[in-house]
Amino acid sequence: MSQKIFISGCGMISSIGNNVAESLDALLKLEHGIRPVEILETKHKGKIPVGEVRSSNEALIEQLGLQWKAGHSRTTLLGTIAAREALQNSQVDLKDGLRTGLISATTVGGIDQSEDFYKEFLKDPTKGRLRHISKHDCGDSTENIAEDLGIYHFVSTISTACSSSANSIMMGARMIKHNLLDRVLVGGTDSLTRYTLNGFNALKILDSEHCKSFDQNRNGLNLGEGAAFILLESEKSIRQRKYKPICELTGYGNSNDAYHQTASSPEGKGALSAMKIALKKSQLNNNDIDYVNAHGTATFINDLSEGNALMTLFNDRIPEIGSTKAFTGHTLAAAGSIEAVLSILSLKHGFIPPNLNFSQVMEEVNILPVKKLLTNIKIKHILSNSFGFGGNCSSLIISKL
Amino acid sequence: MNIYINVLGNVSPQVTTDNADFLTEPVNKQDTSFACIDPDYKSILQKANLRRMSRLIKFGMYSAQQCLIDSKVENLDAIITGTGLGCLKDTEKFLIDIYGNDEGVLSPTKFMQSTHNTLSGQIALMLNCEQYNFTYVHRGASFESALLDGIMLIEEEANNILVGGLDELTDTYLAVTKRMKMWRRDAISQLDLFSNKQSGSIAGEGASFFMLSKEQSSTSYAKIKGLKILFKPKSIETIYGEMQALIQDAGLEMGAIDVVVLGMNGDQEQDKLYDELIERYFQDKQLTAFKHLCGEYKTASAFGLWTAAQMLGKQNIPEVLKLNKSASPILKNVLVYNCYNNSNHSLLLLQDVNA
Chain A
1 MSQKIFISGC
11 GMISSIGNNV
21 AESLDALLKL
31 EHGIRPVEIL
41 ETKHKGKIPV
51 GEVRSSNEAL
61 IEQLGLQWKA
71 GHSRTTLLGT
81 IAAREALQNS
91 QVDLKDGLRT
101 GLISATTVGG
111 IDQSEDFYKE
121 FLKDPTKGRL
131 RHISKHDCGD
141 STENIAEDLG
151 IYHFVSTIST
161 ACSSSANSIM
171 MGARMIKHNL
181 LDRVLVGGTD
191 SLTRYTLNGF
201 NALKILDSEH
211 CKSFDQNRNG
221 LNLGEGAAFI
231 LLESEKSIRQ
241 RKYKPICELT
251 GYGNSNDAYH
261 QTASSPEGKG
271 ALSAMKIALK
281 KSQLNNNDID
291 YVNAHGTATF
301 INDLSEGNAL
311 MTLFNDRIPE
321 IGSTKAFTGH
331 TLAAAGSIEA
341 VLSILSLKHG
351 FIPPNLNFSQ
361 VMEEVNILPV
371 KKLLTNIKIK
381 HILSNSFGFG
391 GNCSSLIISK
401 L
Chain B
1 MNIYINVLGN
11 VSPQVTTDNA
21 DFLTEPVNKQ
31 DTSFACIDPD
41 YKSILQKANL
51 RRMSRLIKFG
61 MYSAQQCLID
71 SKVENLDAII
81 TGTGLGCLKD
91 TEKFLIDIYG
101 NDEGVLSPTK
111 FMQSTHNTLS
121 GQIALMLNCE
131 QYNFTYVHRG
141 ASFESALLDG
151 IMLIEEEANN
161 ILVGGLDELT
171 DTYLAVTKRM
181 KMWRRDAISQ
191 LDLFSNKQSG
201 SIAGEGASFF
211 MLSKEQSSTS
221 YAKIKGLKIL
231 FKPKSIETIY
241 GEMQALIQDA
251 GLEMGAIDVV
261 VLGMNGDQEQ
271 DKLYDELIER
281 YFQDKQLTAF
291 KHLCGEYKTA
301 SAFGLWTAAQ
311 MLGKQNIPEV
321 LKLNKSASPI
331 LKNVLVYNCY
341 NNSNHSLLLL
351 QDVNA
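Protein sequence lines correspond, in order, to chains A and B.
Its first residue numbered 1, the first sequence is counted upward by one per residue in this note's numbering.
Its first residue numbered 1, the second sequence is counted upward by one per residue in this note's numbering.
Rather than coming from a laboratory, the hints here were simulated on the basis of the structure.
Take these hints with a grain of salt, some might be off.
Claimed, not checked - With a straight-line cut-off of 25 Å between C-alpha atoms, the simulated BS3-like cross-links for lysine-lysine are: (1) A:K4 / A:K177; (2) A:K123 / B:K325; (3) A:K378 / A:K276; (4) B:K214 / A:K281; (5) A:K4 / B:K178; (6) B:K178 / A:K123; (7) A:K95 / B:K232; (8) B:K325 / B:K314; (9) A:K204 / A:K4; (10) A:K378 / A:K400; (11) A:K119 / B:K322; (12) B:K272 / B:K228; (13) A:K177 / B:K228; (14) B:K228 / A:K95; (15) A:K95 / B:K234; (16) B:K228 / B:K29; (17) A:K371 / A:K29; (18) B:K214 / B:K234; (19) A:K127 / B:K178; (20) A:K123 / A:K281; (21) A:K177 / A:K280; (22) B:K181 / A:K127; (23) A:K242 / A:K348; (24) A:K280 / B:K214; (25) B:K272 / B:K234; (26) A:K119 / A:K43; (27) A:K177 / B:K214; (28) B:K178 / A:K119; (29) B:K197 / B:K272; (30) A:K119 / A:K4; (31) B:K228 / A:K236.
In this text the structure is predicted, and so the values were computed from the model without any measurement.
Bound conformation, chain B alone:
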């Protein structure tokens, strides 16, 4: 299987909208949640449309558009998005409207914009793209489901597919999930998330898009060699067994993996799984993490893929991503492992385009 990641688009709590740059100046905010840095939306989106868009649609659209502009692809064969909570802000607004006037006369605008496939539909509308258009909404496997669909389409007959993962933070979501004790109670410096493990992670958000293509291009970052999505695997041995199978299916062995990208989130309970994996299987590997940069959200793994693709494309691992210091001089094969809320696990194998 050769599926090329040819272009990236990324709006996140880091400076990630310039693909030539790879976390050279990491943002180290001290906060109780990590929100996206707003790019200059007007630079690539139409001003008239911006007014009507929620934040999620705005940064999602920007990220997608960044991918489209840089790839110069004219005939897109599919648009596939993954989102854990969809257009949350518009959903909340419409719910508030319903109770605000006791189910009286309501404006339908928020309702219309609150469907989970709003962004994929909006991208199709903007491009006048009548092709395949899907949206996956399965918690921590939303983005991975979209990616799997994209891989299948390329194996069928598609040439260029836009795949993205996106979720937004809202005040209400934060207030509710804080009550659920999902996050740290006090503000924390982003880069200290792993050095100071406690109960709770830190909430984040973002939109990361990828142009998947059948053919390599001058901008290719990496090849996708395999993807596996797991639902509540029985044990750590099961997870590791699936990793080995994935790697073997690609004609490789565990020894060929140069970097393991981990989705740990700083929560002492949830991170036990990663710690055990490291201790038992990955002692001699170069390890990296990413959720201290983007925060935890249902599609954060899309940001994780962005870091992995950048590493291979640039043959460089920024210090801010490294969990240890056993750097391999050449980066060929990267394994990305993410776990969301102990339920949704994903394994993704990437390879250097020239390998």
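Chain A on its own, in the form it takes in the complex:
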């Protein structure tokens, strides 16, 4: 049970890039991906700012070389792009006799297709294309990705709102520790949909401008879309194929805030507990953490809650803290794995991206996030937070080898 969990490859797609190299480039050039809705068919087109992958479904299908008639959801398309890149990046041979699994995460599943179905179905219950509604459930995108890659040993999906893919990473690591798998592709995928855009809009937590995480004048989040996957590998698998992994997943923790269905407790008890569990698991001290890639959605309550939890945990020795949500938007189920990939890039290339748009410290909590891009710095351990509806709080710790 004590073996290490290595990270041997990653892939991602979001509004800041179609792959990991483009994402790295965007971070270093401070190019965010937030613009008014352009691709998603919605009444809010041209108005609400979002982090959209600027390719139509047709273009994504062409990029993947798939058949259009398969009618894949956008969640499947984004997920397949990131998952293929992660496998390629890790140079793994799936036919070498070791056990490989896939654990994905999504909140919207194929609801973009259900939306098209419902429009017709509501007018006439004999109408609406069944192919659309058959993609509705969350398992659909995962099974499509698994079959595209040829992964059959274990396939599952997690949906715990905005912490979903942090949790798929955690489950994957535990399955390796239990010797149920030798390696596992873990992550998540979520596309922008009218469902989530109108849902968050109804909750009145969307900023009409570019979001300002941890700022006194923050005014809500920007939604985003994307997917990211990382390959977790056991010592045995790494040894057998003589591969040099990128880094290590040293800690993880999940806790429930048990405060409200959608809002976080002001003091951030769930967040604090998740971070503490992750630290304990990694056998690190608070002082060992060099950078926190915060959940930092820029909603009033999240940043207050997370800020309080960070202050309580780190007390007078606060590491660098920043949110990358102003780059990518909040990609919901994909956020945990996208931010894990961004953390891997920070470790690998020795930089910390700035928390964009920050100007004034919050009145209630004295959190001063990273204002400028920090380069040529030594980072050994990064803590990455993801919190979601239902009080779901998760923290991951990614460390240099």
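Start from chain A and add chain B according to the hints.
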């Protein structure tokens, strides 16, 4: 591996909320779908909260609460749920709202309640339980994924874990899946589902919860000795090979299996797999089925586990479950095999607590 199933909670199309009773009076409805029998929600759930809950949350909450009350566990170490379609009714309602007023001003309530982890979050809220809280949403492997996670947690350091599987039927879901030809066209008597195999199964729903514990208790029903989840296995030989491996890993042989619980659903195409398994490997076994009682849904295997746990706990197989009559007098080892839509297969090995 010794993981005890100490308490059960079950709301289903059968009378299953009294754990002392085990299908003594099976419901034999004639219908095109099998909906849950509503228990007296007010008896164990707070009236004020009930108004806000969708049917799924109501019967899910009742089932979970039944487990919690009977187990008397005070410090729960985790809450893990599996659901194929989650809060479907609230999702549909919010979708209808979006198109009803052309993406105008909307109430966020349905949206807030429609996330797949709503129930696990609500249970945590009710219990003020800050522990591990996961929700799996993988089609016919949703409940099994949750169960696997629970087993792993107990092997790590947890003592008591609440694990459940739940899904709800809605009118829209029925209308859509009927068009997909998933179900029988005409109403059918529940208990005739297998004697009259045709194209299509019958839709069902339910919420079955289990208290998994490290220690045996006075109420223990069974021990879990192994679980394997398969995705599109290549052949029937692969499936049987996995069954043998699972049984051997538990230090047993196929000959030690007293009962095989099968997830057949009455669809003549889908049931061919079960028929072939029976013919080739299980001719001399006591066989039982359960989907004629609860209907087919993505987490129906949780109801199947409930029947298996009850059988071992009560050392009795109700006639209504039996597919054949070669009853073994003592029940020690039970194998549960379920297949959903020819894709998600699961094998679960249970053992009598005293074995």
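Worksheet item: B:K272 and B:K234: Cα distance at most 25 Å?
Response: holds (15 Å)
Worksheet item: Has the given pair, A:K119 with B:K322, been kept, meaning a C-alpha gap of at most 25 Å?
Response: violated (45 Å)
Worksheet entry | Given hint A:K29 paired with A:K371 - CA-CA distance at most 25 Å | Satisfied, since the Cα-Cα distance of roughly 14 Å is no more than 25 Å.
Discussion item. Does A:K177 sit within 25 Å of A:K4, going by the straight-line distance between their CA atoms?
Written reply: holds (8 Å)
Worksheet item: Are the Cα atoms of B:K325 and B:K314 separated by 25 Å or less?
Response: holds (18 Å)
Fill in: Straight-line alpha-carbon gap B:K178 to A:K119, limit 25 Å
holds (19 Å)
Worksheet item: Is A:K95 within 25 Å of B:K232, Cα to Cα?
Response: holds (17 Å)
Worksheet item: Given the hinted pair A:K123 and A:K281, is their alpha-carbon gap at most 25 Å?
Response: Judged against 25 Å, a Cα distance of about 54 Å means the pair is violated.
Discussion item. For A:K119 and A:K43, compute the direct alpha-carbon distance and say whether it is at most 25 Å.
Written reply: holds (14 Å)
Discussion item. Next pair to validate is A:K242 with A:K348; report whether the Cα-Cα distance is within 25 Å.
Written reply: Cα-Cα ~20 Å, so holds.
Practice prompt. Measure nothing beyond the straight line between the CA atoms of A:K119 and A:K4; if it is 25 Å or shorter, mark the hint as holding.
Written response: The hint is violated at about 49 Å.
Practice prompt. Sort out whether A:K281 lies within 25 Å of B:K214, counting only the CA atoms.
Written response: holds (21 Å)
Consistency note: the structure conflicts with the earlier hints numbered 2, 5, 9, 11, 16, 18, 20 and 30.
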